[in-house]
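K.L.:
Letter by letter, the chains look like this.
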Amino acid sequence: MEVIATRPKSLTDLNFTYCPGCLHGVAHRLIAEAIDELGMRNNMMGVAPVGCSVFAYKFFNMDMQEAAHGRAPALATGMKRARPDMNVFTYQGDGDLAAIGTAEIVHAANRGEHITVFFVNNAIYGMTGGQMAPTTLPNMKTTTSPYGRDVDDIGYPIRVCELLDSLVAPYFIERVSLLSPVDIVKAKKAVLKALKYNKEERGFTFVEFISTCPTNWGMDALESRTWAKENMLPFFKVQNFRDNGKEA
Amino acid sequence: MANKVLMKGNEAVAEAAIRAGCRLYFAYPITPQSELIEYMARMMPKVDGVFVQAESEIAAINMVYGASGCGRRVMTSSSSPGIALKQEGISYLAGANLPAVIINVQRGGPGLGDIQPAQGDYFQATRGGGNGDYYTPVLAPSTVQEFADMASLAFDLADKYRNPVLILSDGLLGQMMEPVEFQDTKTPEELKALDNQHLDWCCCPNEDEPNHHHHEINSLEIDPVVLEKHVLKLADKYAEITANEQRWEEYNVNDDNEILVVAFGTASRICKSSIDDLNKTGHNVGLVRPITLWPYPYEAVSEAVGPKVKKVIVFELNLGQMVEDVRLGVNGKVPVDFMGKVGGLVFTPEEVKAKIKENL
Amino acid sequence: MARMTVDPNYCKGCGLCIDACPKKIIRFSENINKKGYHYAECFDQDSCIGCKLCYTTCPDVAITVEK
Numbered sequence: 474m475e476v477i478a479t480r481p482k483s484l485t486d487l488n489f490t491y492c493p494g495c496l497h498g499v500a501h502r503l504i505a506e507a508i509d510e511l512g513m514r515n516n517m518m519g520v521a522p523v524g525c526s527v528f529a530y531k532f533f534n535m536d537m538q539e540a541a542h543g544r545a546p547a548l549a550t551g552m553k554r555a556r557p558d559m560n561v562f563t564y565q566g567d568g569d570l571a572a573i574g575t576a577e578i579v580h581a582a583n584r585g586e587h588i589t590v591f592f593v594n595n596a597i598y599g600m601t602g603g604q605m606a607p608t609t610l611p612n613m614k615t616t617t618s619p620y621g622r623d624v625d626d627i628g629y630p631i632r633v634c635e636l637l638d639s640l641v642a643p644y645f646i647e648r649v650s651l652l653s654p655v656d657i658v659k660a661k662k663a664v665l666k667a668l669k670y671n672k673e674e675r676g677f678t679f680v681e682f683i684s685t686c687p688t689n690w691g692m693d694a695l696e697s698r699t700w701a702k703e704n705m706l707p708f709f710k711v712q713n714f715r716d717n718g719k720e721a
Numbered sequence: 081m082a083n084k085v086l087m088k089g090n091e092a093v094a095e096a097a098i099r100a101g102c103r104l105y106f107a108y109p110i111t112p113q114s115e116l117i118e119y120m121a122r123m124m125p126k127v128d129g130v131f132v133q134a135e136s137e138i139a140a141i142n143m144v145y146g147a148s149g150c151g152r153r154v155m156t157s158s159s160s161p162g163i164a165l166k167q168e169g170i171s172y173l174a175g176a177n178l179p180a181v182i183i184n185v186q187r188g189g190p191g192l193g194d195i196q197p198a199q200g201d202y203f204q205a206t207r208g209g210g211n212g213d214y215y216t217p218v219l220a221p222s223t224v225q226e227f228a229d230m231a232s233l234a235f236d237l238a239d240k241y242r243n244p245v246l247i248l249s250d251g252l253l254g255q256m257m258e259p260v261e262f263q264d265t266k267t268p269e270e271l272k273a274l275d276n277q278h279l280d281w282c283c284c285p286n287e288d289e290p291n292h293h294h295h296e297i298n299s300l301e302i303d304p305v306v307l308e309k310h311v312l313k314l315a316d317k318y319a320e321i322t323a324n325e326q327r328w329e330e331y332n333v334n335d336d337n338e339i340l341v342v343a344f345g346t347a348s349r350i351c352k353s354s355i356d357d358l359n360k361t362g363h364n365v366g367l368v369r370p371i372t373l374w375p376y377p378y379e380a381v382s383e384a385v386g387p388k389v390k391k392v393i394v395f396e397l398n399l400g401q402m403v404e405d406v407r408l409g410v411n412g413k414v415p416v417d418f419m420g421k422v423g424g425l426v427f428t429p430e431e432v433k434a435k436i437k438e439n440l
Numbered sequence: 003m004a005r006m007t008v009d010p011n012y013c014k015g016c017g018l019c020i021d022a023c024p025k026k027i028i029r030f031s032e033n034i035n036k037k038g039y040h041y042a043e044c045f046d047q048d049s050c051i052g053c054k055l056c057y058t059t060c061p062d063v064a065i066t067v068e069k
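Chains as they are written, first to last, in our numbering: chain A, 474 to 721; chain B, 81 to 440; chain C, 3 to 69.
One chain only, chain A, in its complex shape (with noise of 0.2 Å):
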C-alpha cells in the first residue's frame, strides 16, 4: 500500500488553531496540495491577514508575512514588485478583504497584480467573536445585528466576485463552496487554476470560499454546512465569473 493522501509539504507540521469543524482547513490544504502539485513551493511567499486566519503565517511552510487588517493587497503588491521573479498569494477573511481592505483589494485588482487572493468568505467575523460583516445576510443576528441585520438601515451583502468582475484587468474569478465533500473537490480545481495562470504570470487571480462559522453562528460542524447550504448558497452564487485563459 502507498499512501495516496496526507498533509501536504506545503503546510507545517503546526496544529491549526480553527475551531472544530471550521473550514479555514480545507481551504488551507487546498491551497497547499495545489501548491505542492503545481512544483510552486520554493518560489511561493504569501501573506495572512487579520481574523481567524491570521496564525496563517505559522501554518504554510515557506516565506510569510503578517499584513495589517486589510492591508494584504497592497503587501502583494510591493513583495510582486520586489520579487518579480517569485509568486504571491494573500488568505483573507471577510473584514479583512471586504471592509477595511475594500481599497486595497480593488486596486490592486484593478491594476492586474500578478498575485493570487484567496477570499474566504462566512458571513462573520469570526475571531473578534461573531459581529456582523459586509458579507452577512438579511435579518442575521450576529452580536452587532443582534435584532437581525436590518438592510434599510446599512444594506446588502457585498458579492466581492461580483465587484471584481466589473474590473477589466482581472484574469480569473470564481466562486466556490466548500460546503460537501465534492463541493470541496470542484473547489480544488478553481484553486489549482488559480495559482497555475499566478505560475504562468497570466494576471490577477481569486478565489471566493464560501464556508461557515460554527461557533459564531452557535451551530455544530454538520449543522453549520446545511446552515450555509441552505442561507448563503442563494444569495452567493457558486460560478465561473471570468476565465480568460480557458479555450473557447
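It is worth saying that the hints were derived from the structure and are not from the lab.
Bear in mind that the values here come from a model prediction, so they are computed numbers and not experimental data.
Idealized CB from N, CA, C, for every residue including glycine.
You can take every hint at face value.
Straight-line alpha carbon distances no greater than 25 Å define the calculated BS3-like cross-link-like pairs of lysine-lysine that follow:
#1 A/K659 / C/K69
#2 A/K702 / A/K614
#3 A/K702 / C/K26
#4 B/K391 / B/K437
#5 A/K659 / A/K719
#6 A/K661 / A/K672
#7 A/K669 / A/K710
#8 A/K669 / C/K54
#9 B/K421 / B/K433
#10 A/K702 / C/K25
#11 B/K390 / B/K421
#12 A/K531 / C/K36
#13 A/K672 / A/K659
#14 A/K661 / C/K54
#15 B/K391 / B/K433
#16 C/K54 / A/K666
#17 A/K482 / C/K69
#18 A/K661 / C/K69
#19 A/K531 / B/K309
#20 A/K702 / C/K54
If you only want the chain B side, here are some residues facing chain A, beta carbon under 7 Å, derived:
#21 E168
#22 E287
#23 N298
Given the structure of chain A, go ahead and fit chains B and C onto it with the hints provided.
P.N.:
Then chains B and C, alone, in the frame of chain A:
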C-alpha cells in the same frame, strides 16, 4: 546628469534616493511634495526600478512593508496629513524589524491645515506616532544638499538597524532650489549586494529541506511572554541607535555665548541669519541644530549651555514641540524660552532677532 | 485494499469525516486526545475503499489514506 546641479528639494532627494540604490517607490500625490512622486514616475523606469502610484498613503506604506519584507531598498513620501495615515504601517514596520525610508515634507496642520511649510509633526515623528513602544530615527535637513545627503544616510541606517527611518523635511525645503552635489550612483555590483544583504531573514527564493526556510515577517506575538522579549529586544536596538547615531551641528557655540538658540530644519536657517546679524553687532549668540531629532542629542544641548548663557531660546514652526526635549536636555540649568509660528507661516529674521534681543 | 488513519493529535472531533464516509466505517473513539476531543477512528479497515472523502473533508489534515 552632472553630479552638481541646481535642484528643487523634492526632486533632489528623489534623485539621491535612486543613486543610493532605491529601486522601489510607492506613494500618493499630496502638496507640497508632488514633485517628488512625479520625479520618481519619470526616473524609476529609466533605471528599471518600480514606481506605483498607490490608491492611498495607507496602501503605499503597506506596499513598502511588502517590498521591505523581501529585503529590498524601498521608499515612500508624503506630507503631514498623509504621514498621519501611514502611522499604522510605520508601527508595523517597526514591530516587524523592517528597513524603509519615509519622507515627510511637512505642511500646516492639524487636520487638512494648509500647504505652507510647518514643523508641526515633530511629536508625531519622534514619539512614535503609531501604536505601541517604538522609535524611528528622524533626520531633519536644513538645506537642499543636506536633504539629498540624508537619502543615502537614511537607507544605510534603515538597513543597519532593520528599522524604518523618517526624513522630516518641510514645504520650504521641498520647494526651494539650491545647488546640490550628488553622490555617485551605486554600481550594478553594489546594487546586487544591497539586494542580497537580508537573505537571512527576508522573503526570498527557497529550497527543499534541509535548507528550506520559513521566514516570517510579522509583528504579532500573541503570547505576552514572547511579546515582552520581542519588545525588550527592540528597546536594545533603540539604545544602540541612541548611543551611536546622534547627530547635531554647533554654530558659534563657545564659552562666551550670552544666549543659546536651539532650532531644527528651516527654522534653523532663519535663526542662523539672525544670529549672524546679532554677532556682527557685538553680541555672542550660539546655535545648536539637532540633525537627528530621534535620537535627540540631549547631552550635546546640555553641554552647549555655556557658563555665561542667560537663556536658551527655542524657535520652531509649531506651538512648541521640540522645546520639550530642549527642556529635558537643559534640565533646569538656565531658563528655556520659546517662540513659535503656526499656520504655515514662517518667522522672519527680524522677528527672531527681536526675540533674542529681548533676552540679551 | 485501502486504509484510513486519524492522527489523534490533530483531530478535533468535528465529525465531518464520519458524515463523509460512504462505507460508514468511521466513529468517534471512546478515548480522548490531549485537548479533550473524542477523536475519529476507523473501526472496519477491511471495508475501506480509499475514496479519500474523509481526507477531503477533514479541516485539520488529521487523516492519511493509503491504497
